[in-house]
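Below, each chain spelled out in residue letters.
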Amino acid sequence: MPPMLEIRDLYVQVEGKEILKGVNLTLPVGQVHAIMGPNGSGKSTLAAVLAGREDYEITKGEVLYMGRSLLDLDPEERAREGIFLAFQYPVEIPGVTNMYFLRAAVNAIRKHRGLPELDAMDFLALVREKLRLLHMDEALLKRSVNEGFSGGEKKRNEILQMAVLEPRLCIMDETDSGLDIDALRVVADGVNSLRSPDRSILVITHYQRLLNYIIPDQVHVLLDGRIVRSGTKELALELEAKGYGWLERELTVSKL
Amino acid sequence: MLKTSERTGDLLDNWAAFLRSRSVDEPPSLRRCRQAAAEAFARLGYPLKKNEDWKYTNVSRLAQIVWNPAPPIERISIPDWEAIRTIIANGRVVYRGGVGEWGDKVSIDDWDRACKMHANFLEEHWNQVARWSQHPFAALNTACFQDAVIIRVKAGHEINLPIHILMHHQPSINTGQACFPRILIYLETGSRATVVESYQGGDEASFTCGIVEIILERFAHLDYYKVQQEDEHNIHIVQTYIRLAQGSELRAHIVSLGGGLVRNECDVQLTGEQGVCTLNGLYLAHGRQHVDNHTEIEHVAPGCVSFELYKGILSDRAHGVFHGKIYVHPGAQKTDAKQTNQALLLSDDAEVDSKPQLEIYADDVRCTHGATVGQLDDRQLFYLRTRGISAEQARNLLIYGFAEEIISRIHVAPVRYQLEDLLLAQEGLPLESELRRVILP
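Residue numbers (our numbering), protein chains in the order written: chain A, 1 to 256; chain B, 1001 to 1441.
Chain A extracted, bound-state conformation (with noise of 0.2 Å):
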């Protein structure tokens, strides 16, 4: 079986500025694994880049998800294949509500893999059960995308989002970020509650806290725009506690 993901030797321009530079990484079918790094180490790029951006250049390299070469598809082709992105910026969408949204993407999802449509009662009977599972308001579904929601409500809705569409890679970026720790708490239990044999699982984030709720199997580091160290989640630890300039000077030293 091939992994979920592979990124070999990934190159990724923005404005003309090279953010990503040689970025390998393979994520194995059922694992979750997480890629911390510094503001500014290309963390979002990436995860933007997986999504499908478009304002993005590929300058080299190739990214296979389940073996098959993925940066020809459109973002929607990819999402309805099995990617889901939960934004760091849940983008506010005025005027259409979340349920009109939710339903929208569901069926362009179950439509693509034969599925037929939902209804509105048995989307409302899914939406509802995933909607005990992450604590959140009914009430909720019938505002507009994000619109005036806090940032806890925002992360949840994305974790909402990736409940019902069950993606097969899940790309969370900085899902904890601006979080309290209860909310934190509740976003982690909706992300375990999807971990799953036939699932991975693409946590990117900055600090070492999230993972404590969401045991990673493996931990990969980000520097200026390359992978430069991989480990298990006690990798996190160690940088919490020594932070990142421990390894932006040990790469200088090794660079030397």
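No lab work stands behind these hints, which were simulated from the structure alone.
A virtual CB, placed ideally from N, CA and C, is assigned to each residue, including glycine.
Among the hints, erroneous ones may be present.
Claimed, not checked - Covered by chain B, according to a simulated footprint, are these stretches of chain A (three or more residues, beta-carbon under 8 Å):
#1 24 to 38
#2 47 to 59
#3 93 to 106
Dock chain B against the given chain A, drawing on the hints supplied.
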């Protein structure tokens, strides 16, 4: 006697004969009024581009077409939603549904009947707010209207069922065909009602030239809808003249979905303290459609409120115009006026002209205006697409989202559903609005 000229076309000649042939006994003062209006139109002529009020809307082709009265039509289908309904087809009232249990609270008459039964009422209230002596199209309608609907809601009563007036224009002659629908909505003191006007039909050689007069007496409340969905080549020029007395409130929704050249005018006079006027406008234009929303709000009395929110969605080579005049009279202190005009441009060739015009002659007022022109947001599009929604559907969702602020203010469910369907279908979106109807009452 009426001289035609290049600026008036042959219109009046055609109509003079037509009107002479009619048998209605109009009260003498109203007959004189027609005559005076015909003379006013002959004097004013079709407006030219140099006329500041018509700077962005060129009506010169009107003068090049010979306009004839639309012939009567036999059949018309009646919408199935529940309302107190009147249908004007080709300018004549052809259907008047019963007012049923509301009979002692509201009267709805055609012109013939109103002239026979309510001549005194007409003498007092007809032509009281239309500025027919100064406005060429108001003059034209006042001279030429074939029939009219007169709605009168009795003091203190509330009519819970919408009053629906459907204007259908069915072209059946090859040359230019004109209709002059005319409506008077009169709400007596403390009464409440909902009126829906819809306009449909027409083609490239047809012209709808209407006047709606709305008079709200003290503490009356009107929810008013004008839904224009005529053929996308039809010429539609309708003036809505509104006068609000003390403590009365108008909520108007001006929706334009069709028409080739469309001019919606709202002329509002707030003449009593604590009057509230809300104008919600929504228009969708594609191809070469031209939609002009022209509003003038006059704060005559102190302490009145006016809100305007107009939203336009333009694609292809469509052209939108918004003119918003707010005139605050000396002494109209504590006026609160807010005007917002937003346009969403979906193509490089679509265009919108926005012209706010504030004239304020009182010192203790709050008047604001704002105009924005934008395009679809790439971040929002990307977000939707990462959820499996196609690029096209994502666009349609965002377009709908833009319009929703107006749609959500529409309280007549059949109108709102009809609009949702129309908006979503026209934009190629699957009819998901069913979901909203099941779950969001």
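Hints that the structure is at odds with (numbers, increasing):
Checked against the structure, the only hint that fails is number 1, while the rest are satisfied.
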